[in-house]
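Please put together the full structure from these sequences, using the hints given.
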Amino acid sequence: MQGCANWLGQGFADGHLARVGAMLYFCFGARSQRLVRCRILGSNIEIKVAEILFRMNDRFLSLQLFARVARAGSFSVAGREMGISQPTASRIVAALEKQVGAALLVRSTRAVTLTEAGIDYLARVDAILAALEEADHAARGTGELRGLLRIAASTSFAVRAVLPCLPHFTERHPKLRVEFVLNDDKQDLIGDSIDVALRIGALADSSVVAQKVGVVHRVVAASPDYLAKAGTPRTPSELAQHSIIVGPAGRGIEAWAFKKNGKATSVRVEGRFVLNGGEGATAAAVAGLGILSAGALGMLKELQSGQLVRVLPDWEMGVADINVVLPAGRAAKPSARAFTEFFKAHLKQQHAV
Amino acid sequence: VKLQEQLNALTVDLIDNRKIPKLVVDALMKGIKAQTLSGIADRALKAGDAAPVFSLKDPAAGTVNSAALLAQGPLGVSFYRGYWCPYCNLELQALEAARSEIQARGASVVAISMQNAANSCKSNRENELGFPVLIDTGGVVAGEFGLRYSLSPEMIELNKSLGNNLEVINGDSSWSLPMPGRYVIGQDGIIAYAEVNPDYTHRPDPSDLLPILDQLIRATAA
Numbered sequence: 001m002q003g004c005a006n007w008l009g010q011g012f013a014d015g016h017l018a019r020v021g022a023m024l025y026f027c028f029g030a031r032s033q034r035l036v037r038c039r040i041l042g043s044n045i046e047i048k049v050a051e052i053l054f055r056m057n058d059r060f061l062s063l064q065l066f067a068r069v070a071r072a073g074s075f076s077v078a079g080r081e082m083g084i085s086q087p088t089a090s091r092i093v094a095a096l097e098k099q100v101g102a103a104l105l106v107r108s109t110r111a112v113t114l115t116e117a118g119i120d121y122l123a124r125v126d127a128i129l130a131a132l133e134e135a136d137h138a139a140r141g142t143g144e145l146r147g148l149l150r151i152a153a154s155t156s157f158a159v160r161a162v163l164p165c166l167p168h169f170t171e172r173h174p175k176l177r178v179e180f181v182l183n184d185d186k187q188d189l190i191g192d193s194i195d196v197a198l199r200i201g202a203l204a205d206s207s208v209v210a211q212k213v214g215v216v217h218r219v220v221a222a223s224p225d226y227l228a229k230a231g232t233p234r235t236p237s238e239l240a241q242h243s244i245i246v247g248p249a250g251r252g253i254e255a256w257a258f259k260k261n262g263k264a265t266s267v268r269v270e271g272r273f274v275l276n277g278g279e280g281a282t283a284a285a286v287a288g289l290g291i292l293s294a295g296a297l298g299m300l301k302e303l304q305s306g307q308l309v310r311v312l313p314d315w316e317m318g319v320a321d322i323n324v325v326l327p328a329g330r331a332a333k334p335s336a337r338a339f340t341e342f343f344k345a346h347l348k349q350q351h352a353v
Numbered sequence: 001v002k003l004q005e006q007l008n009a010l011t012v013d014l015i016d017n018r019k020i021p022k023l024v025v026d027a028l029m030k031g032i033k034a035q036t037l038s039g040i041a042d043r044a045l046k047a048g049d050a051a052p053v054f055s056l057k058d059p060a061a062g063t064v065n066s067a068a069l070l071a072q073g074p075l076g077v078s079f080y081r082g083y084w085c086p087y088c089n090l091e092l093q094a095l096e097a098a099r100s101e102i103q104a105r106g107a108s109v110v111a112i113s114m115q116n117a118a119n120s121c122k123s124n125r126e127n128e129l130g131f132p133v134l135i136d137t138g139g140v141v142a143g144e145f146g147l148r149y150s151l152s153p154e155m156i157e158l159n160k161s162l163g164n165n166l167e168v169i170n171g172d173s174s175w176s177l178p179m180p181g182r183y184v185i186g187q188d189g190i191i192a193y194a195e196v197n198p199d200y201t202h203r204p205d206p207s208d209l210l211p212i213l214d215q216l217i218r219a220t221a222a
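Chains as they are written, first to last, in the numbering used here: chain A, 1 to 353; chain B, 1 to 222.
Be aware that one or more of the hints could be misleading.
Derived lysine-lysine pairs resembling DSSO-like cross-links, with alpha carbons at most 30 Å apart [as the list claims (entries may be wrong)]:
1. 260/A with 30/B
2. 22/B with 160/B
3. 344/A with 175/A
4. 229/A with 2/B
5. 260/A with 22/B
6. 212/A with 175/A
7. 260/A with 2/B
8. 22/B with 263/A
9. 33/B with 260/A
10. 2/B with 263/A
11. 263/A with 30/B
12. 19/B with 260/A
Cβ-Cβ distance ranges computed for the label pairs, FRET-style [said to hold, decoys possible]:
13. 37/B with 319/A: 10 to 20 Å
14. 42/B with 73/A: 38 to 48 Å
15. 32/B with 181/A: 48 to 58 Å
Hints were generated in silico from the structure; no laboratory data involved. Just so you know, even glycine gets a beta-carbon here, dropped at the ideal spot from N, CA and C.
Shown next, in the form of structure tokens:
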């Protein structure tokens with residue numbers, strides 16, 4: 001505190017209000033609403049931290065806050081993450097908007113959303129913040145990762161493939177914070193400020209940089225109970241007699257395509273149970289609701305334990321690529337790059353995907 | 001007896017009883033293998049795809065339109081090579097045997113080849129078929145289904161030596177054929193079932209169509 005006050009004094013003496021504000025923020029962040037009494041060069045100066053934060057010109061702080069507000073859709077959540085109150089967060093972002101000369105956020109009673117200008121601004125700001133992180137990382141020179149890494153993946157893939165191996169990565173970087181955005185729908189990488197996404201299957205978005213890191217075999221499976229009751233299909237066409245579970249990959253017309261000894265057989269199936277999450281689809285199959293076709297990874301445990309058994313095991317359904325996706329148009333964060341390399345090596349080692 | 005068992009017996013008979021010389025058998029097998037490896041089966045239309053609408057001549061009954069048939073019920077379509085292919089003949093006979101079961105489900109069935117009218121009549125007559133045998137001149141419809149392929153120079157020579165002069169039989173000089181393919185098209189025009197095999201000695205059993213037709217009936221009733 002003493003050091004801080006001295007530095008503060010110099011700051012005042014030099015008129016570097018912005019740096020003072022930043023320093024105050026880092027010293028008192030969580031208590032920024034209070035009046036803080038500082039003793040500098042023998043005189044008492046009362047400074048309302050919020051006021052300084054409002055007036056100061058710390059672009060990086062306000063940019064960070066703006067990015068968080070945009071992601072969280074809330075001033076109070078973003079403020080809490082950065083240790084400042086909602087009114088302060090709101091005022092800092094308002095000041096930023098004034099400075100930029102454009103409305104970046106739309107504030108309604110329910111949520112805060114990005115304006116069109118805000119979407120574009122966020123993409124550029126993310127690039128700047130990533131570059132700053134890159135500079136810090138390079139300066140440290142130790143390879144130690146810090147800051148925030150936002151990973152997007154489907155719940156199933158995260159729970160079954162990523163989280164179990166994540167300790168090997170994060171143990172090496174104790175100051176790295178990881179946020180997962182778990183969603184079976186494919187996210188907008190830039191709009192959601194995702195640093196790295198793990199996606200299975202074809203990529204619709206061409207504005208991304210994808211790297212194939214492995215494959216998932218598509219298989220058909222059902223619970224032993226279901227098959228005992230409904231019978232086991234011997235050909236793809238017999239699937240038409242069965243109760244079919246459709247997971248998140250299925251949209252619109254659901255058709256399952258098989259190969260066997262060079263012949264291509266495909267069947268349109270009618271989903272009786274439709275689930276928009278892979279975990280839910282697997283659970284539906286385990287519960288004996290019907291026959292599911294999905295990536296083997298999403299039901300590996302259940303197949304190993306015998307809760308599910310493969311149906312039509314000598315018919316190939318092909319593979320889907322596992323892609324690591326980085327948002328295009330900006331350099332990937334050091335942590336996103338390191339995670340990509342780590343995960344690639346991990347999958348190679350596993351080989352069993 | 002399942003169709004494939006009959007087809008296997010035919011293959012054994014052709015080879016073991018030397019109805020086709022060993023050298024020719026080897027060349028035919030080589031051709032099948034090359035076709036399989038070419039990945040052509042993956043390019044054919046599949047279940048879930050929209051089926052091309054076609055209007056083709058039946059030498060016995062004028063023009064047959066797929067949309068008109070679909071207005072009445074689901075449609076089974078079998079692409080075959082020609083009267084000269086014994087495997088195709090067994091398949092057409094098996095389809096005829098299953099025709100009543102197919103029609104009992106409100107569906108119709110047609111066979112399509114690139115043969116000219118006279119040879120289509122021959123296929124119809126010799127196999128005693130009770131369903132339309134349509135003429136796909138130049139293989140236009142087979143091409144739309146992604147089934148048509150051009151024969152290699154070696155296969156052209158081989159077929160000539162076997163007496164299968166496709167220029168004469170089909171009445172066009174393209175030296176192309178459809179891969180044998182079986183489709184079921186739903187009344188919404190979407191393919192409900194497809195089986196395509198570059199190995200023409202293997203065909204799906206007609207009984208495979210029945211669960212598909214049952215499902216289409218259920219979907220319509222629902």
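Structure-based check of all given hints:
Using a Cα cut-off of 30 Å, the hinted pair residue 260/A and residue 30/B holds, with the two alpha carbons roughly 19 Å apart. Pair hint residue 22/B plus residue 160/B holds up; C-alpha atoms about 17 Å apart against a cutoff of 30 Å. Pair hint residue 344/A plus residue 175/A holds up; C-alpha atoms about 22 Å apart against a cutoff of 30 Å. With a C-alpha separation of about 26 Å, the suggested pairing of residue 229/A with residue 2/B holds against the 30 Å cut-off.
Distance restraint check for residue 260/A and residue 22/B: the Cα-Cα separation of roughly 27 Å lies within the 30 Å cut-off, and the hinted pair is therefore satisfied. A distance of roughly 28 Å separates the Cα atoms of residue 212/A and residue 175/A; the hinted pair therefore holds under the 30 Å criterion. Between residue 260/A and residue 2/B, the direct Cα distance comes to roughly 18 Å. Compliance with the 30 Å bound is thereby established for this hinted pair. Taking the CA atoms of residue 22/B and residue 263/A, the gap is about 25 Å. The hint holds against a cut of 30 Å.
For the suggested pair residue 33/B and residue 260/A, the alpha carbons sit about 14 Å apart, so the restraint of at most 30 Å is met. Only pairs whose Cα atoms come within 30 Å are accepted, and residue 2/B paired with residue 263/A is accepted, the gap being roughly 18 Å. Between residue 263/A and residue 30/B, the direct Cα distance comes to roughly 16 Å. Compliance with the 30 Å bound is thereby established for this hinted pair. Proximity of residue 19/B to residue 260/A is assessed by CA-CA distance (about 29 Å); at most 30 Å being required, the pair is judged to hold.
The hinted range of 10 to 20 Å is satisfied by residue 37/B and residue 319/A, whose Cβ atoms lie roughly 18 Å apart. Hint check: residue 42/B to residue 73/A, Cβ distance near 44 Å, so the stated range 38 to 48 Å holds. For residue 32/B paired with residue 181/A, a C-beta distance near 50 Å keeps the hint of 48 to 58 Å intact.
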